[in-house]
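Heads up: the protein sequence lines correspond to chains H and S, in order.
Its first residue numbered 80, the first sequence is counted upward by one per residue in this note's numbering.
Its first residue numbered 80, the second sequence is counted upward by one per residue in this note's numbering.
It is worth saying that the hints were derived from the structure and are not from the lab.
Fair warning: there could be bad hints in the mix.
Identical chains share a label here; the pair holds if one copy fits it or two copies do between them.
[What the hints assert, rightly or not] Quick list of in silico lysine-lysine cross-link-like pairs, DSSO-like style, CA-CA up to 27 Å:
id	residue 1	residue 2
1	LYS244	LYS679
2	LYS679	LYS133
3	LYS117	LYS527
4	LYS447	LYS492
5	LYS148	LYS133
2 protein chains.
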Amino acid sequence: MLVLVGCMLGWAEAGLAQGGSMLGFFPGHVSSQLSLEKQFSDELQTADMDQWMKRLSALPHPLGSPYDKQNILFLDSLFRTWGYQTHIDTYYVLFPTPRLRRLEMVSPTRYQAVLMEKVIPSDPYTAQTALQLPPYNAYSADGNVTAEVVFVNYGIPDDYTQLEKMGISVKGKIVLAKYGRSWRGIKPKLAYEHGAIGCLIYSDPRDDGYTAGDTYPQGPYKNPYAVQRGSVMDMPVYPGDPLTPGRGATREAQRLTRGEAKTLIPIPVLPISYHDAQPLLAALKGPVAPPSWRGALPLTYHLGPGPTRVHLQLAFDWKLTPAYDLTATLPGSPYPDQWVLRGNHADAWVNGAADPVSGLVAEMSEAKSLAGLYRKGWRPKRTIVYCVWDGEEPALLGSTEWVEDHAAVLKQKAVAYINSDMNGRGYLYAGGSHTLEKFFSQVAAEVKDPEKGISVSRRQREADALQGHRPMEDFRLDALGSGSDYSPFLQHLGIASLNLSFGGEDGGGEYHTMYDDYLFFTQFKDPGFAYEKALAEVAGRSVMRLADADILPFDFTHLSRTVRRYTDEVRQLADDTRRLARLENHWIADSVYHHTSDPKEVFVAPAAPKPVPYFDFSTLDNALSALSRSASDYHHAIQALEVAPDTNLVRRINGAVYQSERQLLTEKGLPGRPWYRHLIYAPGLYTGYGVKTLPGIREAIEQGDYQNVNLQISQVSQALTNLSQFIDGLCPSKTQAGF
Amino acid sequence: MLVLVGCMLGWAEAGLAQGGSMLGFFPGHVSSQLSLEKQFSDELQTADMDQWMKRLSALPHPLGSPYDKQNILFLDSLFRTWGYQTHIDTYYVLFPTPRLRRLEMVSPTRYQAVLMEKVIPSDPYTAQTALQLPPYNAYSADGNVTAEVVFVNYGIPDDYTQLEKMGISVKGKIVLAKYGRSWRGIKPKLAYEHGAIGCLIYSDPRDDGYTAGDTYPQGPYKNPYAVQRGSVMDMPVYPGDPLTPGRGATREAQRLTRGEAKTLIPIPVLPISYHDAQPLLAALKGPVAPPSWRGALPLTYHLGPGPTRVHLQLAFDWKLTPAYDLTATLPGSPYPDQWVLRGNHADAWVNGAADPVSGLVAEMSEAKSLAGLYRKGWRPKRTIVYCVWDGEEPALLGSTEWVEDHAAVLKQKAVAYINSDMNGRGYLYAGGSHTLEKFFSQVAAEVKDPEKGISVSRRQREADALQGHRPMEDFRLDALGSGSDYSPFLQHLGIASLNLSFGGEDGGGEYHTMYDDYLFFTQFKDPGFAYEKALAEVAGRSVMRLADADILPFDFTHLSRTVRRYTDEVRQLADDTRRLARLENHWIADSVYHHTSDPKEVFVAPAAPKPVPYFDFSTLDNALSALSRSASDYHHAIQALEVAPDTNLVRRINGAVYQSERQLLTEKGLPGRPWYRHLIYAPGLYTGYGVKTLPGIREAIEQGDYQNVNLQISQVSQALTNLSQFIDGLCPSKTQAGF
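Modelling step: build the complete structure from the supplied sequences, incorporating the hints.
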């Protein structure tokens, strides 16, 4: 139902330039900060970004390739030219690359899969085939299997539930799954858990091929031969080098054997084009796939098993590869040991103009502009650390190993981490820690959308309103799951993080294909680099404000509100699950499934679900009440402090407040995956990149682990209580209202 | 959200056989009635139905064809053999058939459309091409036009709103619309209203071609050459012969000229296959169609206009054709002038095994079985009239002309009309007058589903429950729009009606194609004729119970409850429309559409909507209160009467109660379409077959005709008040509670 939204409240811009207050700045410092930020923005050059993208994406540059290393060295020289102190850390990470890829249908007819993307004559980058990694899924197992095929839709948990209802097992079969609806690594993981011996993943033209739009080179969507490469490592367990979980993969680091690593997929997995998938699908028989499973190939989607039978043979070179992480530092004063980190990765699957170079050139542009301000005398209060990560594509390798290697110093010094990755034309997408939401919404209100002239915040909020969402006076940060280099900072160490990009007007199917190149980007993604400049503005101003703030701009009212919303969600999830379980038990008892099914189709009624007990949310409710009060008290204390600064107190708060996010960690980690320690945000065990908020509670309910729910609730409650006490300890002068 | 449904209440079957009460029967008559009904059911023979279907669908038999007439004469002889008094009424109706059909793409490349369905070697019926009407849309205009093509999705009102937002006009163009989402006649009507000069309609493979399932002859869905024929007359204005609205098209009837007829579409319209649509769509450029518009052809769906340019030339033979309506009567006593009517049409677009023969053979089987009971001494209290309609396919011609011709006697004598048409394997779909809902739910609880052994009522209610709908103790009748021969009975004369079919396990794309033949039906639709027998059971028992009832089983509590629900819906519609109009006005004032649109795409912000006033629903609420009370009083009066019968009162009620539905008519008809007089049910002016309940009120709101809403509300209120008074007058002994 429609809600009469807050456009009636007016789309008030933050209006700082008109004398509003700026979170973390004494009133007298606001206009000089805004003036500095304006200078920063004015110095951002789209010509730089264009030129850098052309150079950085000139050749394929995956982890371990010569051009990847050349790029790191080129970027290092840029930073040094601008006056940064740079450092390159090298880690030795397990990175399999293909030696043999073979897929053939052996019955009912024979078909030899092409497994190569098509060179486009008008796009010479696509002809650099000798330098490319061909389409493959990193961390697939070696394998040589022949079996019947089963079509499993997107290969996510609901799809296996549906297959069971239809009496179809994937045991001993090779599954054929569509890309989409989950991170790709979930597909072979679930296939393996259900007994499959191989996994093929293809991109259906309905999702990002001809149905989505014109195909490359006429348009940006997948032509019949395009294939999405990508990692299938079980990153929801831990990211980074599979052999060194929790510690930096230095040369001398102690390593697991491959057999001991929990994140390697035990079955062979291969991504294929829709050209290669079509004959396999066309030959399948068995039941017709459920309506929502069907793609846009001109055939009837059957599930199998068989008669399509394929032979899949894969062999990889399982070598340790050096990954080069570049850091570039601009020292701050008076808080040199408070670090504001900003990063983007440099490695690409192929040429990677969009992924990652579009974000990387924004980052470089920020660094150059800040260096210019520095030369003109600007001195940030805190140290700024620009980071360029290697090996993000296979498994967030560079960032994870660096974070693990520097964990001790980061825990002590890291104020926040700001990430970017792919970028394009459109709306601001921002996710991150809700302790930074209020701060970030002020930044986003200050940056103008290059197409429309209103703020990027307002454009995003208006788009949300049009989609029928609730209106927001404040910009709302999405919760972060995984999928880029913020994950080790946020979820392993509890460093408040932001992940920023623009998009939504840059649709296409080039992601992780060889078509993601400079010609493609400048034709379809963001021809004038206006949104790379906008990204640099948003990220760079965020860096500056964090680095320059009189009092670090953390806020807990938004966090408290947001966690309350997540609590309402999991409570509702429990209620819905309970109600559904009751209902299904009645249906089963009354033979309703049997009565309503079509006797000409196989239908296996679901097993009776376990009853769902009632859970004790009271500790969480109480902890949220306390947090809400602490957040409000802190807010008022900071307001008072801005009017009447107390230098010692300010210094004390600055030295401690950024540790607030660490209070939300659990030392022993989430159930079954100790690397992930954040109790509020994690990637879903069975969604992959997709976030699960309050993951311990939510996944215990979702997975039917009901006896564990109260324990998970109490852990979150304890962390929130710790955070309240931590906040209360920041400003001892504030009202200590009893609970 | 899930609702914990009434399976917890138990799926109580009506349990009449176990001594429950049967609406309309004195307690002492229930078991003999059930015994009679069981005899009736036992005599239904699937072998008869199989044999009749084979014979009736042996050759194409559209209106005006020799085989259509032969079928009517054959059926007439059957009825007479069984002892019915039969009569054939002949009407002379305008029925255009094609002389010339030509479609070619003239640019950017040339393509000559095939316009013929493909003969299937394994199905000799499909080779009867010399006897077939080729694919065409009856009541298309003659025309010879050449223009650019615009793809308009399903060609319904929302689609034109979307095209306007994208800056695309169909003025002077030929639209290409998909079949589906509306009755087909809406597509050329709207195209014409928006200025198009021609209309093509095709079946996208996503809807009922290869995406839906295997295609004929491998499976039941549309192969590339299959085309849905069908009428495009503007039946929401009036059905039946376009030249004789409101009166029977007898030989001597006064006729309009074609130019005066309001139901003829002024532009040429042609249905085509997806084989013929594909080259036209592939050549279109212009914006990519919105995601939900895209079908499953292997191409990118663009909107145009052009560069696809087609030449469409159509010419028809606009002749008057005789339509033969057969009626067969079994006289009743003591109420010979109370008629229970039961009908199905006989004409088909081609061989028509499913449409209409599957319903027709059920009807014949009922008639045969009842005749058997009659020979054994059963005497219905009321006269039973079996009807076989001609010319349903072009425009409900036979039934409408017969009803118009016999309006006076029908108004006086018709108790109810029970219709069927296509039928297949699956669930019971039943629509009709809610005065009959309670009665019908008892009938449906008595008939066993042939696949599962539970009642057809329970199976349908359980399927509803599984789909997340609310549970119902009583079977719920859908409201009737149009699309089959009940329309003139219900909506023109106010005769309480039912429309019955089974389906949902008989999916396919054969509707109105030459593949709807005996081989197809016995392979895919209902191989054992079990559901034709079930239809005969449901319809036949309904006929028997109406004919045999001690007191006619009309009930007003369900009607009152249902109209209250419709009232809540239109009130909600008014509120939502008002809220949306306010919201859109704010969005327009704040430039939200401009801010959020993609500058690389044409976007025309919508015009500011008119504000929606508040309407006076109080008269309707008061009328509903009164109706609810009258319904309850009547219910109690009947209960009392069943215990202590009063012969005179029973006779008086029987002589009047079936006139109740007439109280819901308005003499002047609905706005702009006086033929439609029912104030509760009508086909939508812009949905076609799709029903609009409380059509005057609902369509005034939907079409922004706000100054007319209160008038429409007061008309409905007046009719409901008349009905209350009518009901109160039936049982003068009941409590006359003041209002």
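Structure-based check of all given hints:
1. LYS244 with LYS679: within (14 Å within a copy, 46 Å between copies)
2. LYS679 with LYS133: between (59 Å within a copy, 24 Å between copies)
3. LYS117 with LYS527: within (12 Å within a copy, 78 Å between copies)
4. LYS447 with LYS492: within (24 Å within a copy, 92 Å between copies)
5. LYS148 with LYS133: within (16 Å within a copy, 78 Å between copies)
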